[in-house]
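Heads up: the protein sequence lines correspond to chains C and V, in order.
According to my numbering, the residues represented by the first sequence are 1 to 396, in order.
According to my numbering, the residues represented by the second sequence are 1 to 393, in order.
Honestly, I wouldn't trust all of these hints.
[Unchecked claim] Here are the simulated DSS-like pairs of lysine-lysine, each with C-alpha atoms no more than 25 Å apart in a straight line:
(1) K69(V) / K276(V)
(2) K222(V) / K328(C)
(3) K282(V) / K272(V)
(4) K357(C) / K201(V)
(5) K190(C) / K357(C)
(6) K181(V) / K272(V)
The set of hints was computed from the structure by calculation and includes no laboratory data.
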Amino acid sequence: MECYLDNAATTKVSDNVYAKLSEVYLKEFGNPSSMHKVGMEAEKHVKASRESICKILKCESSEIVFTSGGTESNNMALIGAALANNRQGKHIITTRMEHASVYNPVLFLENLGFEVSFCEVDENGIVDMDSLLSLLRDDTVLVSVMFVNNEVGSVNPVADISKAIKEKNPKVLFHVDAIQAFGKFTIVPKKMGIDLLSVSGHKIHGPKGSGFLYIRKGVKVKPIINGGGQESGMRSGTENVPAIAGLGVASEDMYNNLEANRKKMFALKTRLINGLMAIEGTHVHTISNRLENSEELDEIVALTAPHIVSCGFEGVRSEVLLHALEEKGVYVSSGSACSSNHPAISGTLKAIKSEQKYLDSTIRFSFCVNTTEEEIDYALETLKELLPVLRRFRRK
Amino acid sequence: MEYKALLVKYGEIGIKGKNRGSFERALCTQIEMHLERLGQFTVVREQGRIFIACPDEYDYDETIEELQKVFGIHAISPVMVIESIDWDNITAEVLKYVDEKYPDKHFTFRVNAKRADKHYPIESPDMCCKLGESILHAYPETKVDIHTPQVLLTLEVRNRAYIYSETIPGAGGMPIGTAGKAMLLLSGGIDSPVAGYMIAKRGVEIEATYFHAPPYTSERAKQKVIDLAKIISAYCGPIKLNIVNFTDIQLYIYEQCPHEQLTIIMRRYMMKIAEKLADKGKCIGLVTGESIGQVASQTMQSLNCTNAVCSMPVYRPLIAFDKQDIVDISQKINAFETSIQPFEDCCTIFVAKHPVTHPILSGIEKSELKLAEKIDELVETALNTVEVVECRR
Numbered sequence: 001m002e003c004y005l006d007n008a009a010t011t012k013v014s015d016n017v018y019a020k021l022s023e024v025y026l027k028e029f030g031n032p033s034s035m036h037k038v039g040m041e042a043e044k045h046v047k048a049s050r051e052s053i054c055k056i057l058k059c060e061s062s063e064i065v066f067t068s069g070g071t072e073s074n075n076m077a078l079i080g081a082a083l084a085n086n087r088q089g090k091h092i093i094t095t096r097m098e099h100a101s102v103y104n105p106v107l108f109l110e111n112l113g114f115e116v117s118f119c120e121v122d123e124n125g126i127v128d129m130d131s132l133l134s135l136l137r138d139d140t141v142l143v144s145v146m147f148v149n150n151e152v153g154s155v156n157p158v159a160d161i162s163k164a165i166k167e168k169n170p171k172v173l174f175h176v177d178a179i180q181a182f183g184k185f186t187i188v189p190k191k192m193g194i195d196l197l198s199v200s201g202h203k204i205h206g207p208k209g210s211g212f213l214y215i216r217k218g219v220k221v222k223p224i225i226n227g228g229g230q231e232s233g234m235r236s237g238t239e240n241v242p243a244i245a246g247l248g249v250a251s252e253d254m255y256n257n258l259e260a261n262r263k264k265m266f267a268l269k270t271r272l273i274n275g276l277m278a279i280e281g282t283h284v285h286t287i288s289n290r291l292e293n294s295e296e297l298d299e300i301v302a303l304t305a306p307h308i309v310s311c312g313f314e315g316v317r318s319e320v321l322l323h324a325l326e327e328k329g330v331y332v333s334s335g336s337a338c339s340s341n342h343p344a345i346s347g348t349l350k351a352i353k354s355e356q357k358y359l360d361s362t363i364r365f366s367f368c369v370n371t372t373e374e375e376i377d378y379a380l381e382t383l384k385e386l387l388p389v390l391r392r393f394r395r396k
Numbered sequence: 001m002e003y004k005a006l007l008v009k010y011g012e013i014g015i016k017g018k019n020r021g022s023f024e025r026a027l028c029t030q031i032e033m034h035l036e037r038l039g040q041f042t043v044v045r046e047q048g049r050i051f052i053a054c055p056d057e058y059d060y061d062e063t064i065e066e067l068q069k070v071f072g073i074h075a076i077s078p079v080m081v082i083e084s085i086d087w088d089n090i091t092a093e094v095l096k097y098v099d100e101k102y103p104d105k106h107f108t109f110r111v112n113a114k115r116a117d118k119h120y121p122i123e124s125p126d127m128c129c130k131l132g133e134s135i136l137h138a139y140p141e142t143k144v145d146i147h148t149p150q151v152l153l154t155l156e157v158r159n160r161a162y163i164y165s166e167t168i169p170g171a172g173g174m175p176i177g178t179a180g181k182a183m184l185l186l187s188g189g190i191d192s193p194v195a196g197y198m199i200a201k202r203g204v205e206i207e208a209t210y211f212h213a214p215p216y217t218s219e220r221a222k223q224k225v226i227d228l229a230k231i232i233s234a235y236c237g238p239i240k241l242n243i244v245n246f247t248d249i250q251l252y253i254y255e256q257c258p259h260e261q262l263t264i265i266m267r268r269y270m271m272k273i274a275e276k277l278a279d280k281g282k283c284i285g286l287v288t289g290e291s292i293g294q295v296a297s298q299t300m301q302s303l304n305c306t307n308a309v310c311s312m313p314v315y316r317p318l319i320a321f322d323k324q325d326i327v328d329i330s331q332k333i334n335a336f337e338t339s340i341q342p343f344e345d346c347c348t349i350f351v352a353k354h355p356v357t358h359p360i361l362s363g364i365e366k367s368e369l370k371l372a373e374k375i376d377e378l379v380e381t382a383l384n385t386v387e388v389v390e391c392r393r
């Protein structure tokens with residue numbers, strides 16, 4: 001059995017998206033900047049995609065800038081907003097569990113003379129509001145917080161965060177990395193007080209190389225890619241029309257079935273967690289701790305992202321477990337990169353103060369709407385078969 | 001300037017007595033193989049050297065770069081061919097050659113002219129004098145220096161005339177296929193590809209063995225080794241890579257033997273398996289990238305223990321090299337960037353924190369007695385399930 005449980009890394013393009021891509025690639029292949037008909041037909045696809053996204057976010061079309069994906073969106077948001085607003089101040093706040101595409105642009109800004117503060121997160125992977133507010137200053141220009149954490153699937157109360165920080169400093173800009181959240185949560189930036197929102201297409205069955213940044217009207221962002229002035233000058237370069245069209249279709253499909261999809265994935269998540277907790281020496285990050293307070297699993301799971309489960313396996317190196325699962329056709333991610341090779345970046349498990357013994361032995365399972373109960377059960381069976389063998393051979 | 005021909009000089013193989021013909025033929029074959037994809041080159045043996053006639057259109061830089069990968073070539077000289085051997089024409093062409101080749105005329109030179117055809121009206125010493133005079137006359141800044149010239153200009157007059165003065169160094173060594181075949185133990189590291197390169201440089205044909213331990217080593221680690229084999233095959237020729245699944249043997253040793261001896265015992269079994277594969281592939285030696293004292297398993301005592309399992313000679317071309325020297329060669333042959341990809345480290349699970357550095361052979365052999373029950377069967381299975389990948393670039 002082949003069982004792909006790494007949908008937080010990337011997803012398979014859906015049939016609808018594939019059809020759209022081939023239509024645009026083969027038929028309406030024009031350059032939207034061309035003045036003739038062929039160019040105009042291509043431009044229609046860009047426009048239609050933008051409209052689909054605006055409907056979902058309840059925003060204006062001028063607020064969407066198409067990019068090459070999540071990393072570019074995050075770079076544009078952070079670097080672009082910091083550079084455009086540096087007169088107001090040079091202080092940036094983000095959290096200790098951000099993705100590298102937020103973390104590294106922020107370090108880049110630090111090298112340019114910005115000051116960066118990292119706010120703490122709790123053991124459930126949620127921003128510590130006291131820590132955040134204590135860091136907030138008059139010269140803070142930007143606060144960046146991820147909606148859903150990519151490693152453990154925790155969910156930040158972004159609307160509350162926005163409200164709290166803007167009460168204290170109304171001028172501060174609030175950026176949300178929604179790369180793991182878009183398609184799984186209702187997101188209305190205006191209502192939630194979000195100024196900048198990053199989204200990627202390939203996490204929601206769209207094409208790789210697609211994504212967008214929502215920039216609230218009135219927010220100043222300096223373009224970081226300059227050239228022919230496409231995307232209202234915000235993102236030069238010939239539009240990746242097929243990818244943009246595919247992203248539109250993928251977004252529509254996700255939001256047309258949002259509630260049903262969420263319900264389905266939550267059920268899968270609960271099933272997997274129940275199975276994992278029945279195995280000896282496991283710890284489901286952000287879940288196991290909460291269960292100690294004797295809440296219902298369903299209720300706890302509902303506080304997290306529907307598609308990510310992160311679990312530590314005592315006495316097994318995640319890398320080895322990953323490859324052993326791979327041999328049986330189960331594809332997952334290691335929760336944190338091999339610490340011997342990458343000492344710095346993967347901060348989430350450390351940020352949530354995971355026990356040392358799980359730092360190098362955590363696996364991330366992530367689903368999509370097409371994941372089945374059979375796949376979950378097969379993954380659990382495989383784990384039960386592999387773990388006793390792998391645990392026999394530890395490093396002494 | 002357009003070079004219609006290339007002159008290949010070979011140092012060492014020139015001194016081989018009656019075998020010389022076969023060495024030269026092997027070198028021609030190697031040159032032909034290397035140049036095959038670059039165009040229709042004609043490779044001819046003549047009088048202690050090899051002459052390559054170039055097609056009308058070819059990429060000079062790429063051709064030289066490729067020839068520099070052929071073992072057995074000592075030096076390459078790009079040659080200008082003069083069709084008409086009328087002396088005035090030769091003189092004019094030589095002057096043109098000198099002008100184009102050396103824009104700055106402040107150099108010392110000597111002319112070395114030969115006539116292969118003794119009927120040619122001008123004798124060799126006269127050709128030298130006449131040509132030297134013409135050059136001095138045309139370019140007064142130049143000077144003659146018979147003993148240590150900066151430019152040695154050679155003119156050969158046959159049915160056509162050839163001029164050359166530049167000597168580009170070749171890879172040296174001996175042509176592949178003139179020395180037999182050896183089995184290289186290829187890991188994913190820096191050393192073993194370099195060891196393979198160096199042995200191949202002595203004319204040895206290479207086959208390789210890699211020990212794969214899934215799930216402890218990943219598919220990417222395996223791909224890395226295939227990539228490395230491809231990289232060195234640019235020099236060594238196509239390499240047959242044997243991929244041995246070593247996991248069960250490794251786990252069995254782990255369970256039965258003292259942990260600090262694990263690496264030594266593992267390596268002994270790797271050598272045993274490699275030797276069996278070597279026999280099968282008609283190899284007459286093993287090659288490893290070991291270097292004395294680099295790690296615990298490469299102390300002299302450890303080498304003594306691993307060596308003891310082989311009856312075939314084990315060639316260790318890097319045995320006295322420092323790491324940096326090995327890295328330098330690795331970079332030269334473009335293997336370094338691939339070698340340092342980090343996949344391999346992930347199987348450190350089996351390495352003891354303090355492995356033995358001074359193992360005693362009898363002690364190791366005693367530990368191995370504990371493997372008696374299953375090890376032969378496991379080795380047999382490993383040999384029967386070898387995956388073969390043909391690596392060529």
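Status of the hints after comparison with the structure:
1. Taking the CA atoms of K69(V) and K276(V), the gap is near 31 Å; set against the 25 Å cutoff, the hint is violated.
2. A distance of roughly 18 Å separates the Cα atoms of K222(V) and K328(C); the hinted pair therefore holds under the 25 Å criterion.
3. The hinted pair formed by K282(V) and K272(V) meets the criterion: a straight-line CA distance of about 15 Å does not exceed 25 Å.
4. Taking the CA atoms of K357(C) and K201(V), the gap is near 49 Å; set against the 25 Å cutoff, the hint is violated.
5. Restraint check for K190(C) and K357(C): the C-alpha separation of about 42 Å exceeds 25 Å, so the hint is violated.
6. Between K181(V) and K272(V) the alpha-carbon distance is near 18 Å, which keeps this suggested pair within the 25 Å criterion.
Hint compliance for this structure: hints 1, 4, 5 are not met, and every other hint is.
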